[in-house]
Amino acid sequence: MSTTADLLKRAAELFPGEVVTQAHVRHFDLPLGAGRFALITLDNGHDHTKPTTLGPQSLAHFDAAIDQVEKEAAAGEIVGVGVTGKPFIFAVGADLKGVELLGSHEDALAIGKGGHDVFKRLAGLAVPTFAYYNGAAMGGGVEIGLHCSYRTVSAALPAFSLPEVFLGLLPGWGGCTLLPNLIGADKAVSVIIENSLNQNKQLKGAQVYELGIADALFEGADFLEQSLTWTAAVLKGEIVVERPVIDRGEGWDQAVAKGRFLADSKVHGAAPAAYRALDIIAAAKNGDLQQGYDAEDQALADLIMSGELRSGIYAFNLVQKRGKRPAGAPDKALARPVTKVGVVGAGLMASQLALLFLRRLEVPVVLTDIDQERVDKGVGYVHAEIDKLLGKGRVNQDKANRLKGLVSGVLDKAEGFSDADFVIEAVFEEIGVKQQVFAEVEAVAPAHAILATNTSSLSVTEMASKLKNPERVVGFHFFNPVAVLPLLEIVRGEQTDDASLATAFAVAKKLKKTAVLVKDAPAFVVNRILTRFMGEIQNVIDEGTPVDVAERAVEPLGLPMSPLVLLELVGPAIGLHVSETLNRAFPERFTVSPNLKAVVEAGKRGFYVYESGKPELDPEVAALLKQGDAVLTEEQVRARVLDAVAQEIGLMLDEGVVAEAQDIDLCLITGAGWPFHLGGITPYLDREGVSERVNGKRFLAPGVASVPA
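Per our numbering, residue -16 is the first one in the sequence shown, and the count goes up by one each step.
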């Protein structure tokens, strides 16, 4: 039988590069004469920019600290044990770099059991135990606290979560078992399932307390001091912590059912993690902790060896690392300062852009349009949005006044742009209109000003071709809604120079956007892939497959919405326009659907009506549809769609639209909300054998977004 030390030693051998977290033990006398106390501080020796993680060596250090306090507790030398973290960080869970290296089910099982064995020893100490959540706490960090008798939390804590399901794992060091037994199944399902599937939503300190996860809430400034005074009062019996009775009847079952509904609506059964977590929460109803821990170990090992988890970690690394260091970006020292921004247009997209530049850069922003009414409406939109931020407490009155003072609107471009460093256009998607706008801006803007276009599909090179200085034109393609989707496709035209491109990347960073450098090719990345994807769905409908069959065919991917709901969000007219653009560029692969054309000409906003609350095919649209008699099954539709997407991505990589397949995935995750369990898309196409079937090779090397061989 392997001991904890054996398990952790084996895991440590697989992960020599671990940033090791020490567990420092210090002793002092508590206030109020409550007695001698041992405090364990988790610290990896780095500042808060490198958060404390729990790899195998770190767990071994924590285990050794428990050895020490266990002896002291048994000997009656201490009255309690506390656990806290370094400044601003409690602990943010298992080290994902180590998880990636695990190549066998046995190794994966060892890391689960190792964590459980250490944490159970903390729970089994002969004295009361206390977790002081002083800073960011996630995953295994949260679970350390769940094994303690009591918990306090800092009001300044910015992020607290059990995010494992978001990545394709589950809280496997006690989270699925202990949390529902502490706060009830309903709240536990919210934290473990709902928040994770809601783009990894984080809790603040006050919410942790309100949920009942923590027993006391203290201000950040003297958090530890207050926590220790509270601890002393608890140990002396002056404070008695009362916890609510848990509903172990129908309420528990309803909570699990709610979780399954949430999982179905988000991932449609495509990723196993949420369902495995819910199975353990359901079984935890009987309060048998060891049974729960054993189930967590098995589920954790199974998930670690799954393609979905490897894709999830790959996606997480893309967003956290590659997204912050864009491939191919020029030297940032070449970037020029931006002290004023001009926006051509004052419609909804232009107004959203003005608001974003205003909030992030805090420099003057001026909008122009063809008449005063439109200009006033655009400025009015920005003012109204700032008022909403003020109402929510996101900005104070001074900041709101200052931001409102920085935004203005004029009709005369010469008046508005004569001292602008960066001018972006968001006008009608037609090449002639955009060329005219840029000619007008070039005539009045300073020689150094960047001219940016928010085009979604047109050629940046062609747009700049009639200018005296085409080298300062750059594509700056945002995704709608601008405030929500992080992606910014930065397009280098044939003439764009390094200084203009570097300035564009510097502005993107200040806007807190994920910038990806793309070649000036039709529809760039996201719209090209989505149009091929949607085009194939539209083709099978036109050929005769019922709409509901075509829609259901791609449900197993677990995408954020079905293709025709996405079309509704984009707008059928825009979808048609992009398909026409791509049909002109690549007529052999991109079709223009006569049925989509008919829907647009009829002025319909989409294919569905929602009278029953659910999407149902609009009878008026059904009457417009002219279909052939070739009816495909869901499996046949799915194969056709995936083959088309794999072919298109292969061609885009051959054309050099982006540097690598990783950039395609980063674009789909951050610009289209495609799920982490797909890894964007290329890991999924590799995993399902589509890449090799279509292109004769994988997109990614074995072991990248997959279990190492």
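Please keep in mind that the hints were generated in silico from the structure rather than gathered at the bench. Take the hints with a grain of salt, since some may be wrong.
With beta-carbon atoms standing in for the labels, derived distance ranges [to be verified]:
| no. | residue 1 | residue 2 | range |
| --- | --- | --- | --- |
| 1 | E671 | E(-4) | 46 to 52 Å |
| 2 | D481 | Q355 | 37 to 43 Å |
| 3 | G270 | G527 | 52 to 58 Å |
| 4 | R231 | E208 | 26 to 32 Å |
| 5 | E638 | P70 | 47 to 53 Å |
| 6 | P320 | R572 | 42 to 48 Å |
| 7 | P543 | Q190 | 48 to 54 Å |
| 8 | E221 | G686 | 53 to 59 Å |
| 9 | A692 | G270 | 40 to 46 Å |
| 10 | A466 | P14 | 42 to 48 Å |
| 11 | G611 | G270 | 55 to 61 Å |
| 12 | E671 | Q419 | 45 to 51 Å |
| 13 | D481 | E445 | 19 to 25 Å |
| 14 | A466 | G59 | 27 to 33 Å |
Restricting the straight-line Cα-Cα distance to at most 27 Å, the calculated cross-link-like pairs of lysine-lysine (DSS-like) are [to be verified]:
| no. | residue 1 | residue 2 |
| --- | --- | --- |
| 15 | K502 | K371 |
| 16 | K184 | K495 |
| 17 | K375 | K170 |
| 18 | K80 | K33 |
| 19 | K492 | K307 |
| 20 | K495 | K315 |
| 21 | K170 | K219 |
| 22 | K502 | K249 |
| 23 | K387 | K451 |
| 24 | K54 | K170 |
| 25 | K375 | K387 |
| 26 | K170 | K307 |
| 27 | K580 | K609 |
| 28 | K33 | K307 |
| 29 | K375 | K187 |
| 30 | K54 | K219 |
| 31 | K580 | K597 |
| 32 | K495 | K304 |
| 33 | K33 | K184 |
| 34 | K493 | K315 |
| 35 | K304 | K492 |
| 36 | K495 | K33 |
| 37 | K587 | K609 |
| 38 | K502 | K449 |
| 39 | K304 | K184 |
| 40 | K382 | K360 |
Bear in mind the structure is a predicted one, so any value in this text is a computation, not a measurement. A virtual CB, placed ideally from N, CA and C, is assigned to each residue, including glycine.
Outcome of the hint check:
As the Cβ distance of E671 to E(-4) is approximately 33 Å, the hint placing it in 46 to 52 Å is violated. Judged by the Cβ atoms, the range 37 to 43 Å given for D481 and Q355 holds: they are separated by roughly 39 Å. Under the hint 52 to 58 Å, the C-beta atoms of G270 and G527, about 56 Å apart, fit the expected range. Taking the beta carbon of each, R231 and E208 are about 38 Å apart, not inside 26 to 32 Å as hinted.
Checking the proposed 47 to 53 Å range against E638 and P70 shows it holds: the Cβ atoms sit about 49 Å from each other. At about 43 Å, the beta-carbon gap between P320 and R572 stays in the expected band of 42 to 48 Å. For the hinted restraint 48 to 54 Å between P543 and Q190, the CB-CB distance of approximately 25 Å leaves it violated. Taking the beta carbon of each, E221 and G686 are about 57 Å apart, inside 53 to 59 Å as hinted.
The hint said 40 to 46 Å for the Cβ distance between A692 and G270, and at roughly 42 Å that hint holds. Checked against the given bound of 42 to 48 Å, the beta carbons of A466 and P14, roughly 47 Å apart, stay inside it. The supplied range of 55 to 61 Å is met by G611 and G270, whose beta-carbon atoms lie about 60 Å from each other. Separated by about 47 Å at the C-beta atoms, E671 and Q419 satisfy the suggested range of 45 to 51 Å.
Distance hint for D481 and E445: a CB-CB separation of about 21 Å, consistent with the stated range 19 to 25 Å. The supplied range of 27 to 33 Å is broken by A466 and G59, whose beta-carbon atoms lie about 58 Å from each other. Proximity of K502 to K371 is assessed by CA-CA distance (about 38 Å); at most 27 Å being required, the pair is judged violated. With a C-alpha separation of about 18 Å, the suggested pair K184 and K495 falls inside the 27 Å cut-off, and the hint holds.
Only pairs whose Cα atoms come within 27 Å are accepted, and K375 paired with K170 is accepted, the gap being roughly 25 Å. About 14 Å separates the Cα atoms of K80 and K33, which keeps this hinted pair within 27 Å; it holds. Distance hint between K492 and K307 is fulfilled; the C-alpha atoms sit about 8 Å from each other, no more than 27 Å. Using a Cα cut-off of 27 Å, the hinted pair K495 and K315 holds, with the two alpha carbons roughly 16 Å apart.
A C-alpha spacing of about 31 Å is found between K170 and K219, which places the hinted pair above 27 Å, so the restraint is violated. A threshold of 27 Å between alpha carbons decides the hint, and for K502 with K249 the separation of about 33 Å lies outside it, so the pair is violated. Between K387 and K451 the CA atoms are separated by roughly 35 Å; this puts the pair beyond 27 Å, and the hint is violated. About 36 Å separates the Cα atoms of K54 and K170, which puts this hinted pair outside 27 Å; it is violated.
For the given pair, K375 sits about 17 Å from K387 by alpha-carbon distance, which is consistent with the 27 Å threshold. Annotation: proposed proximity of K170 to K307 is violated, straight-line Cα distance about 34 Å (limit 27 Å). With a C-alpha separation of about 11 Å, the suggested pairing of K580 with K609 holds against the 27 Å cut-off. In summary, the hint linking K33 to K307 is supported, as the alpha carbons are separated by about 15 Å, within the 27 Å threshold.
A C-alpha spacing of about 16 Å is found between K375 and K187, which places the hinted pair at or below 27 Å, so the restraint holds. Note on K54 and K219: the hinted pairing holds, with a Cα-Cα distance of about 22 Å set against a maximum of 27 Å. With a C-alpha separation of about 25 Å, the suggested pair K580 and K597 falls inside the 27 Å cut-off, and the hint holds. Restraint check for K495 and K304: the C-alpha separation of about 14 Å stays at or below 27 Å, so the hint holds.
As the CA atoms of K33 and K184 are separated by approximately 21 Å, the hinted pair is consistent with the 27 Å bound. Only pairs whose Cα atoms come within 27 Å are accepted, and K493 paired with K315 is accepted, the gap being roughly 13 Å. With a C-alpha separation of about 13 Å, the suggested pair K304 and K492 falls inside the 27 Å cut-off, and the hint holds. A distance of roughly 20 Å separates the Cα atoms of K495 and K33; the hinted pair therefore holds under the 27 Å criterion.
For the hint pairing K587 with K609, the CA-to-CA distance comes to about 16 Å; that is within 27 Å, so the pair holds. A threshold of 27 Å between alpha carbons decides the hint, and for K502 with K449 the separation of about 20 Å falls inside it, so the pair holds. Only pairs whose Cα atoms come within 27 Å are accepted, and K304 paired with K184 is accepted, the gap being roughly 20 Å. Annotation: proposed proximity of K382 to K360 holds, straight-line Cα distance about 22 Å (limit 27 Å).
Taken one by one, the earlier hints fail for this structure at numbers 1, 4, 7, 14, 15, 21, 22, 23, 24, 26, listed in ascending order.
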